[in-house]
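> Protein sequences appear in the order of chains A and B. Count along the first sequence from 1, add 1056, and you get the number used in my numbering. Count along the second sequence from 1, add 1056, and you get the number used in my numbering.
Since the hints were made in silico from the structure, they are not lab data. Just so we're clear, the structure is a prediction, and the values are computed from it rather than from any experiment. It is possible that part of the hints are untrue.
As the list claims (entries may be wrong) - Facing chain B, from chain A, some residues (calculated, C-beta under 10 Å):
1. 1065
2. 1068
3. 1100
4. 1205
5. 1209
6. 1234
7. 1236
8. 1263
Glycine included, C-beta positions come from ideal geometry on N, C-alpha and C.
Protein chains: 2
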Amino acid sequence: MSELRQDPTTREWVIIAPERAKRPQQMSKKKRVDKLPNWDADCPFCPGNENQTPAEVLRLPLSGQDWQVRVVPNRFAALTSNGDIIHREDGRFFHKIDGTGAHEVIIGTPSHNTPTALMSYEQVQKVLIAYQERYNALKKNRHIKFITIFKNHGQASGTSLIHPHSQLVATPVLAPYYRRRLGVAVDYFADIGSCLYCDLLAEELDKGERIVAQTREFVILHPYASRAPWETWIIPKRHCASFGLFPYEHLAELARVLKDTLLCLYRGLDNPAFNYVVNTAITEDENNPYYHWHIRIVPRISLIAGFEMGSGIYISTALPEKTASQMKQVAYSLPGDECLTLKQEA
Amino acid sequence: MSELRQDPTTREWVIIAPERAKRPQQMSKKKRVDKLPNWDADCPFCPGNENQTPAEVLRLPLSGQDWQVRVVPNRFAALTSNGDIIHREDGRFFHKIDGTGAHEVIIGTPSHNTPTALMSYEQVQKVLIAYQERYNALKKNRHIKFITIFKNHGQASGTSLIHPHSQLVATPVLAPYYRRRLGVAVDYFADIGSCLYCDLLAEELDKGERIVAQTREFVILHPYASRAPWETWIIPKRHCASFGLFPYEHLAELARVLKDTLLCLYRGLDNPAFNYVVNTAITEDENNPYYHWHIRIVPRISLIAGFEMGSGIYISTALPEKTASQMKQVAYSLPGDECLTLKQEA
Chain A
1057 MSELRQDPTT REWVIIAPER AKRPQQMSKK KRVDKLPNWD ADCPFCPGNE
1107 NQTPAEVLRL PLSGQDWQVR VVPNRFAALT SNGDIIHRED GRFFHKIDGT
1157 GAHEVIIGTP SHNTPTALMS YEQVQKVLIA YQERYNALKK NRHIKFITIF
1207 KNHGQASGTS LIHPHSQLVA TPVLAPYYRR RLGVAVDYFA DIGSCLYCDL
1257 LAEELDKGER IVAQTREFVI LHPYASRAPW ETWIIPKRHC ASFGLFPYEH
1307 LAELARVLKD TLLCLYRGLD NPAFNYVVNT AITEDENNPY YHWHIRIVPR
1357 ISLIAGFEMG SGIYISTALP EKTASQMKQV AYSLPGDECL TLKQEA
Chain B
1057 MSELRQDPTT REWVIIAPER AKRPQQMSKK KRVDKLPNWD ADCPFCPGNE
1107 NQTPAEVLRL PLSGQDWQVR VVPNRFAALT SNGDIIHRED GRFFHKIDGT
1157 GAHEVIIGTP SHNTPTALMS YEQVQKVLIA YQERYNALKK NRHIKFITIF
1207 KNHGQASGTS LIHPHSQLVA TPVLAPYYRR RLGVAVDYFA DIGSCLYCDL
1257 LAEELDKGER IVAQTREFVI LHPYASRAPW ETWIIPKRHC ASFGLFPYEH
1307 LAELARVLKD TLLCLYRGLD NPAFNYVVNT AITEDENNPY YHWHIRIVPR
1357 ISLIAGFEMG SGIYISTALP EKTASQMKQV AYSLPGDECL TLKQEA
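Could you put together the complete structure from these sequences and hints?
Here it is as structure tokens:
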């Protein structure tokens, strides 16, 4: 029998209906991607084609000839930075703002065919350093209200380019969708006097059934109201509202946790499409006691369809208690040096 | 330059960035579906295979040997009806309800290969009659809070079966996502004393630039804050909160408008994947003065990716003023008897 579960951090509902995993699929399944080359002459993100992107805003390492991570403005930017925010009202109903903000691409590796799951820890750490650098540079712009850092991997994730990359979009508005998520944490703090995520984490660790692993600084878990099978959250143990303020010295550990989590998905689900998003406080509220940054990884095993679009309710086909245990099994089944952090219990 | 536009009915934002239409696509494009047969021996929705579905809850016509529309419980139901709603709390954070509700499939035609766009008006009318019958039957269940009727067409829409069908999901909860949408209309009514949608419709008709067509009872328009190119709304002119209470005698006109709208998308965008959702008031609030049922059709030209999932902000690549005018041009370019309703201006 299925269950309706409420996400304690958003108040949104999901339906968990394991029976639906058995339904037939007439639509053609994703084909295995052909083995990709390490370098593609036509790829704007491959070394040698740097002139096909706008000028870099960041390159790592900072000096030396060869880059390992590049950050460039998106050539087809949804938003660009050009001066003031201009609100325009057209009658009572129509309100718009010129497209001020930023849209950047973090090119995560020179290698065309190396997804995050297969990168070195050092490489993933450089990507995270680039995220934080750009986050902290952009938040100084007083027009920027909110910064979303995310990754789309694989065709079903909505990406248009193969070369491993992430994106950052800085907007002059906060969507009601996200404001509600912050609001749940604000209300909790107002009612209870502590951080929702800190308390939730304590309860999850106490129960244990949805915990995949924990390291010194992070917990990896499958959330109570997972929107998709194997949805995975990476949450820092210590309270910290904003990803921008997360201690730099812990990015190396985050890199190990993120890479190992993605590798476990890669091995366990055969390189699934996924999205991940860094959830963080709004830029002007970075030091608040109620929000708690974290990463949500959602495998794109089924597409978002009319029901989800219409109702805001997701349907998943697996219980997170079960998938958390499966994910642990996958980790322990891998050779000793793979997914080491997911074999940790503290 | 791009624009951020706010949807006056949800307060959510979209980014309209026409430049992004030019970005390269390395992912393989949808392949043309091979010409489908009119009947498929393996299809559970084709005539002769009625025993592969659970027992019918509705068949049209009501008498006679052959059916034209069948409604059956979804064999892989997300929710099923079985008695009382049982809320279960597991500590402070984890709240669930047994999966009570309904999940039905409306098989829209005996013909395996006839999408709504190519059906007769009479056939589409039968589908709409089935929607309304089932809506009104299910709303009598006091556990049902909200009913979503929707259609997924084409692979990118998230459908798993080819045979033309729609679905109905009745839930014992209303998601905060949808509650906010109702809340915008409630607030508007509290402030202004009239229906948001009635007033918005008057303003859209006055401006005219996003109107595709209008008939005696309906307006077809591209919304100000379109989430995707060619997003199309069908809105009844006269105030009516619930689809369940929409006058039966106008379903024939709705069938013409819906079929012609989908045919125009089919011709104009080469049979795109799309979702449509019937947006309606909650069942216990059907006679309220603030909500106004309507249909939202969203072509799935690009996939929902990490940014949309993370921020709640959609990015579209076309201005609705432009696509409304293109859609009109497509309608007028078709032979005289095709898309007749979209050639009407009043």
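> Using Cβ atoms only, decide whether residue 1209 of chain A comes closer than 10 Å to chain B, and label the hint accordingly.
holds, 9 Å
> Taking 10 Å as the limit, does the beta-carbon of residue 1263 of chain A come near enough to a beta-carbon in chain B?
holds, 8 Å
> Does the interface hint hold: is residue 1068 of chain A within less than 10 Å of chain B, judged Cβ to Cβ?
holds, 6 Å
> Take the shortest C-beta to C-beta distance between residue 1236 of chain A and chain B; is it under 10 Å?
Hint holds; residue 1236 of chain A Cβ to chain B Cβ min 6 Å, cut 10 Å.
> Hold the hint about residue 1065 of chain A up to the distance rule: shortest CB distance to chain B must be less than 10 Å.
holds, 9 Å
> Go through the hint on residue 1205 of chain A and say holds or violated, using the shortest Cβ distance to chain B against 10 Å.
holds, 8 Å
> Under 10 Å, Cβ to Cβ, is where residue 1100 of chain A needs to be relative to chain B, so tell me if that hint holds or is violated.
Because about 8 Å separates residue 1100 of chain A from the closest Cβ in chain B, which is inside the 10 Å limit, the hint holds.
> Would you check whether residue 1234 of chain A satisfies its interface hint, that is, whether its CB is within less than 10 Å of any CB in chain B?
holds, 5 Å
Violated hints: none; the structure is consistent with every hint.
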